[in-house]
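This is what each chain is made of:
Number of protein chains: 2
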Amino acid sequence: MKFFYAPHTCALATHIALEEAGATYETQRVDFSANEQRSAAYLSINPKGRVPSLVTDKGVLTETPAMLLYVAQLYREARLAPLDDPWALAQVQAFNSYLCSTVHVAHAHRMRGYRWADDPAAHEAMRAKVPQSVGECFDLIERTMFAGPWVFGDMYTISDPYLFTIAQWWEVDGVDPARFPKLADHRRRMVERPAVRKAIAVETG
Amino acid sequence: MKFFYAPHTCALATHIALEEAGATYETQRVDFSANEQRSAAYLSINPKGRVPSLVTDKGVLTETPAMLLYVAQLYREARLAPLDDPWALAQVQAFNSYLCSTVHVAHAHRMRGYRWADDPAAHEAMRAKVPQSVGECFDLIERTMFAGPWVFGDMYTISDPYLFTIAQWWEVDGVDPARFPKLADHRRRMVERPAVRKAIAVETG
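Going down the list, the protein sequences come from chains A and B. Residue numbering for the first sequence follows this note's numbering, starting at 8 and increasing by one per position. Residue numbering for the second sequence follows this note's numbering, starting at 8 and increasing by one per position.
Bear in mind the hints are in silico, worked out from the structure with no lab data behind them. On a predicted model such as this, the values are computed, not experimentally measured, just so you know. Errors might be hidden in some of the hints.
For identical chains, the list gives no copy identity; a pair is met inside one copy or between any two copies.
Unchecked claim - Cross-link-like lysine-lysine pairs, in silico, DSSO-like; alpha carbons within 27 Å at most: (1) Lys55 - Lys189; (2) Lys55 - Lys65; (3) Lys55 - Lys9; (4) Lys189 - Lys65; (5) Lys9 - Lys205; (6) Lys205 - Lys189; (7) Lys65 - Lys9; (8) Lys189 - Lys136; (9) Lys205 - Lys136.
Here chain A stands alone, though its shape is the one from the complex:
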């Protein structure tokens, strides 16, 4: 398998999951500074022009929640998701859906406003609201979703690297980590995991 990523993106979540699973894979950095994600070569892999992408002998997989579930299914012995409990698995997928469709989207309005408006003044208005909108998402996670010590209690799942990845953006989004004691503690503990250190070292090395 070949994993396409860019540093400081949501690709980190799947990268960590691959490491946690002990997967055999290569990595390939996509150079956002050169707009490589819009190059013909990359668009032939992922027509969306986004990262991450996972190229396998079966085809190409995209979208973080799907990639995380696939890694968990491919490496069942790593026990990264409650695969034999439909209700528990549904809760994992619900959490990951919230991250991709609401939390990540709130964050994206800081730098990617051009996706949703052409007016530079609108982009500025979007940037201004990010601390509030992202902060409200994490407040809801802290209050109503996070069991601790991991997202779903004692079982470490694919939701943990995904939460960690988006929590990496608190500071650039203008959100104060002190507002979320449980999530800030989770972030500190995640950094100590070898799989997390390895993935971050590769992406920022």
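Once you've looked at the hints, dock chain B against the given chain A.
What follows is chain B alone, placed relative to chain A:
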């Protein structure tokens, strides 16, 4: 099970899936015109203040991609997802993730701009771009994702009611269905399914 919905929202996707599965459930309309989704009673069910929500004897489930997968797992005999093929299931989840995190989000900028900016001029700028941003999403689906006759070929899956639900919004989003012959044909065939007729009749009745 009790299914909370509002008409003309993404709740329709799960509603159709419940019907396709032959599930036993009650429905409860959430009155958006009275802002019932922000009422204390509803927030106690779903703290996000959104629809849909599925109340079960195990707890509450939210987020369309998770609910669709749960319905498929709970009613395996309805064969609404390739549950025994991790790669095929990953593709279903990738498609549904794209719908929730990109297509639905593009659409939401027409009416829900207040989520991402406070300036009314920014809301207007967002509204103006919806025909383009939503149109580009469906163009990508038509060109690169849709196999036909169903999203994943001969197997009808949970991705079909989800695609159909968001395709219901083409006209209000200012997107011309004639741009997407395969998807427009899919929409026409979906309406003929008894499960789709039933769900729509309940929601708009």
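Consistency of the hints with the structure:
1. Lys55 - Lys189: between (35 Å within a copy, 19 Å between copies)
2. Lys55 - Lys65: within (19 Å within a copy, 37 Å between copies)
3. Lys55 - Lys9: within (17 Å within a copy, 36 Å between copies)
4. Lys189 - Lys65: between (39 Å within a copy, 25 Å between copies)
5. Lys9 - Lys205: within (17 Å within a copy, 45 Å between copies)
6. Lys205 - Lys189: within (24 Å within a copy, 44 Å between copies)
7. Lys65 - Lys9: Intra 12 Å, inter 39 Å, cutoff 27 Å: intra-copy only.
8. Lys189 - Lys136: within (24 Å within a copy, 39 Å between copies)
9. Lys205 - Lys136: neither (34 Å within a copy, 41 Å between copies)
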